[in-house]
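> The residues making up each chain are set out below.
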Amino acid sequence: MAKIVIDGVDYEVNPDNNLLQECLSQGLDLPYFCWHPCMGSVGACRQCAVIQYRDEDDDKGMLVMACMTPPTDGMIISIEDEQAKSFRSNVIESLMISHPHDCPVCEEGGECHLQDMTLMSGHNYRRYDKEKVTHRNQYLGPFIGHEMNRCITCYRCVRYYDDYAGGTDLSAQASHHHVYFGRHEEGVLESEFSGNLVEVCPTGVFTDRTFSENYTRKWDLQTAPSICTGCAVGCNTTPGERYGTLRRITNRYNSDVNGYFLCDRGRFGYGYSSSDQRFADPLQRKNETAEIMDDSAVQSMLDGFSSENTSVTTIGIGSPRASTEANYALRCLVGADNFFSGMSDEEFESANLILQLNKDKAFHSPSIREIEQADAILIVGEDVTNTAPRIALALRQSVRNKAMELADQSRIPRWQDAAVRELAQHDRSPLSILSGYKTRLDDVADDEIIDSIPRLASFAQAIAGSLSGKAEQIQVEDGQVAAVEKIAEQLKSAKRPLVIAGSSQGAELIKAAANIARALGESRADGAIDLCLLTPEVNSMGMAMLSTEENSLGAALEKLRSGEASKVVIVENDLYRRAPHGLVDEALEKAEQCLVIDQLPTATTAKADFVLPCTAFAEQESSYINYEGRAQLSFQVHRNHARAKSSWQWLSAATEEGIESLMHDCADAVPGLAKLCEILPDKSQFVGGMKVPRQSHRYSGRTAMKSHLGVHEPKQAVDSQSVMSFSMEGISSQKDASILASSWSPQWNSNQSISKFQSEVNGELKQGHTGKLVMERNAEGAYLEVSVSEDSSAELQLSRAHQIFGSDELSSRSSVIKQRMVGSYLGISEEDARSKRIRQGDSIAIVGVEASLSACIRSSIKNGSAVIYCDETMDSHSLPRSINISKSNNEVQTGIKGLIISDLMDEDN
Amino acid sequence: MFTLFKDTLVSQVVTLWKVFAKILVKADTVQYPEEQPYMFPRWRGRIILSRDPDGEERCVACNLCAVACPVDCIALQKTEDEEGRWYPEFFRINFSRCIMCGFCEEACPTNAIQLTPDFEMAEYVRQDMVWEKEDLLISGTGKYHDYSFYNVCGKKIGGKDKGEAQNEAVPVNVRSLLP
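Top line first, the protein sequences correspond to chains P and Z. Per the working numbering, the first sequence starts with residue 1, numbered consecutively. Per the working numbering, the second sequence starts with residue 1001, numbered consecutively.
By construction, these hints were calculated from the structure, which means they are not laboratory data. A portion of the hints provided could be inaccurate.
Said to hold, decoys possible - Below, simulated BS3-like cross-link-like pairs (lysine-lysine); rule was C-alpha separation at most 25 Å, straight line:
id : chain 1 : residue 1 : chain 2 : residue 2
1  : P       : LYS132    : Z       : LYS1160
2  : Z       : LYS1133   : P       : LYS132
3  : Z       : LYS1133   : P       : LYS706
4  : P       : LYS130    : Z       : LYS1160
5  : Z       : LYS1162   : P       : LYS130
6  : P       : LYS645    : P       : LYS706
7  : P       : LYS756    : P       : LYS766
Keep in mind it's a predicted model, so treat the numbers as computed, not measured.
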């Protein structure tokens, strides 16, 4: 710690950070633009100037840029000095010279870092009356709007997009006051993390187009802390609502999980919750028509499903996309023995394996912050960018640890961004990827082994064998032995190695990855090895903890088919996405009564006798358990004005007591979930029973919003079940950052105000983080048997591809995500395509399977293997492990236009 | 004795004198409603939404009036035409709550919302005090005749390209290296 004096007050600061960061950590207001806690300093904007004095006798001092100055012991600086103040106000005046008079028609207005800094710097009158520079805008796709006139050339966008997120299609162009940030030509921004530009840009150059369509100022949004349901990472989000519909999702800082950034699926995939297809009323199918049920009919129908009131067996099928509470309430209704997993059988096998490995004390499941610290990474078979996108962004940071190490050696501070990049050039920490096809991380990968899944498993086993010194396990082609040894050596010599696998290619690769991590752990003495095992959906882990290993979906369907069970309750699940269509058809036909609780019509709800509408993620309070076993609580943002209730409210009798009693019951009843209740907010901190307001203190229009319906204003909605209120009244979030409805602080209207809630900038929130790891690691494990047999009955070995836009069921129902989706495709090698006379984009038929796919000829794919991406219409679970294909004359519906992969063959070349 | 005389009789006489003196002065009050008083242009009465000199809606749905309103009686929703011009999809004022403070007019960056000298707003049915955009929007410019926000704003709209607003240079050609 260094002792420094700022404006006559002593502070203790961390000498490893820059002065600007430390000033902000101390809660001082110092304007800045180009610096970002995750991106370091480049000293481009000259806005954070302070006066530094040589010693106590020095009364003149000199101007330094705080972001480029390391704090040293005994340093004396002044933020408030007149010279520093006038320098800052002159700098912002020149930055603002060509800034247009746009604030009223700018989506950033009211939460604009530039507005905040302009006021803070004291520039309040424009003296410049000459011509302003103007720019033409570009179309950047359905997510991001572009208004280049507003740019103040802080370079944050390209530093984020290119340097941090690894994008290639946004650049700084032209020179001097003509500098332009855009693509080389109009078109969709390719990066999966483009949405963060909206938050990174200090002004309104990059704006959220989905938000602009239903625009509302920040102060008018009703917000609550929420959890993204797009994948198993469980990023923290702040959805905002106005006039009954969800308007946008922004990032909510969590030091361990998502930090400052989200992926585009999480940020833009919320549109389904305001879809007009949503179920509004309980429905009963009578012949071909659906009739609306009244409350008493619903109650007697539900009683008929309860295990106490019926002699026939009722089974319940849960869902990995439903909350822990919804699944637990269903389990209570039908009994634990009759509660079945809603995952596909392959996924369930993987999830159970992951659950078992997550209890093994040889491993540690790393959070995203910990993933960023890894300095040698091996990805076994998982296409992280498309299955858990936020982790791919973290991996792009972990490969920079080599650069950080070099910087430390040369005694360059880590935050000196430009210098560290210049020093490291293309030196990266090793990242090795075993995959069936080239992934989006290949530009930062050291080694990429592309092969069929069984061969990858044997390659991974060979790495484990090399690490543990069991040469007999090394059964790979001669040419690959060197690669095996190299990867093993990289993992062995790393300070913090990391192995990543996931359930998307089946359980064998997970087993192989676990073996690698175990062998690695045995070769080192420093505790548990980071093994990051990715589950596919937001609550896959919670689902696996709630159901027993025998109760797979296949078993449930068999029970219905055989008549052993005659009633079924399906919660938030479309079984046609989980099992072969034929099996589901047969089972649902056999079932006497089928109740489905869901938000949107699916193939399963079409077969149901009863459909109950349930609330979307932002309309309910619920908890989810992410890939690392972290339980997180998601608060209700707004009410559903139709008759939808959350699934647990339909299924549980104790609806009055709220989610809390259900969570306590769940923690007591389910082994492994004992810590679940620790995520509930501590009620003792709410003085006098005051709640946390969901609305800002500037929430407008309260006496006019509903006055067209009736001039007599209704009573403010009361939320008896939550610690949050549907009003402006209560204790503001500042008192408790663990329930941060919206980040705001006086003078800091933009999202940069989050520094006021952090114990130190880029550190934990002041009241601690909100999630809780529920898993106990005390089991002893052993090496797992990996099957590496190939299915050689057909000519192409199949591996599965996933798409960030499309593979997630709910987000793919949003209209804006649909614009980025592609149809089913089959990726094949150039040679295989040529031998079948298939050209790029042609329609392909798979022998014995009813489907038509687009051909996607990829340059890096292995001959004799193929990668398949199935859209929601395909019966993906009846596919064999190897296939024969032929060219087909059927027309493909969506095609692969807009598919972003790096190794797509260009036939013109 | 003298004090009593001064406090009562003199005071009453003076008062009477002042009252009778007014008999010859022209009255300020008028016989409303037969006779209409002169209302000053800056009187804060009924709120209107005005149009710019080209006859387009001035309101850009920036929400500043709504947030400035101390009784929160303004609610609106932004929408956009195909060419990027912002305007309110709906704009509602609940006049049964309005206190005619004029903060909305002061906050308005486009001179769209204005208070007018009309004060005759009583209704028999309270619901009729809720006014929608159709009721609020007038066909003229109101008190400010020349101001058109989009002429000073950098945003491109239909009929006004980039570089065509006041004090704007023609758009930069990023492919040129000339200074």
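> All hints are to be evaluated individually against the structure, with a verdict given for each.
Against the structure, the hints:
1. With a CA separation close to 16 Å, the supplied pair P/LYS132 and Z/LYS1160 stays within the 25 Å bound.
2. Our distance criterion of 25 Å between C-alpha atoms is broken by Z/LYS1133 and P/LYS132, whose separation comes to about 35 Å.
3. The suggested pairing of Z/LYS1133 with P/LYS706 holds, with an alpha-carbon distance near 15 Å, which does not exceed 25 Å.
4. Under the criterion of a C-alpha separation no larger than 25 Å, the hint pairing P/LYS130 with Z/LYS1160 is consistent with the structure, at around 19 Å.
5. Between Z/LYS1162 and P/LYS130 the CA atoms are separated by roughly 16 Å; this keeps the pair inside 25 Å, and the hint holds.
6. The hinted pair formed by P/LYS645 and P/LYS706 meets the criterion: a straight-line CA distance of about 23 Å does not exceed 25 Å.
7. Taking the CA atoms of P/LYS756 and P/LYS766, the gap is near 9 Å; set against the 25 Å cutoff, the hint holds.
Violated hints amount to a single one, hint 2; each of the other numbered hints is respected by the structure.
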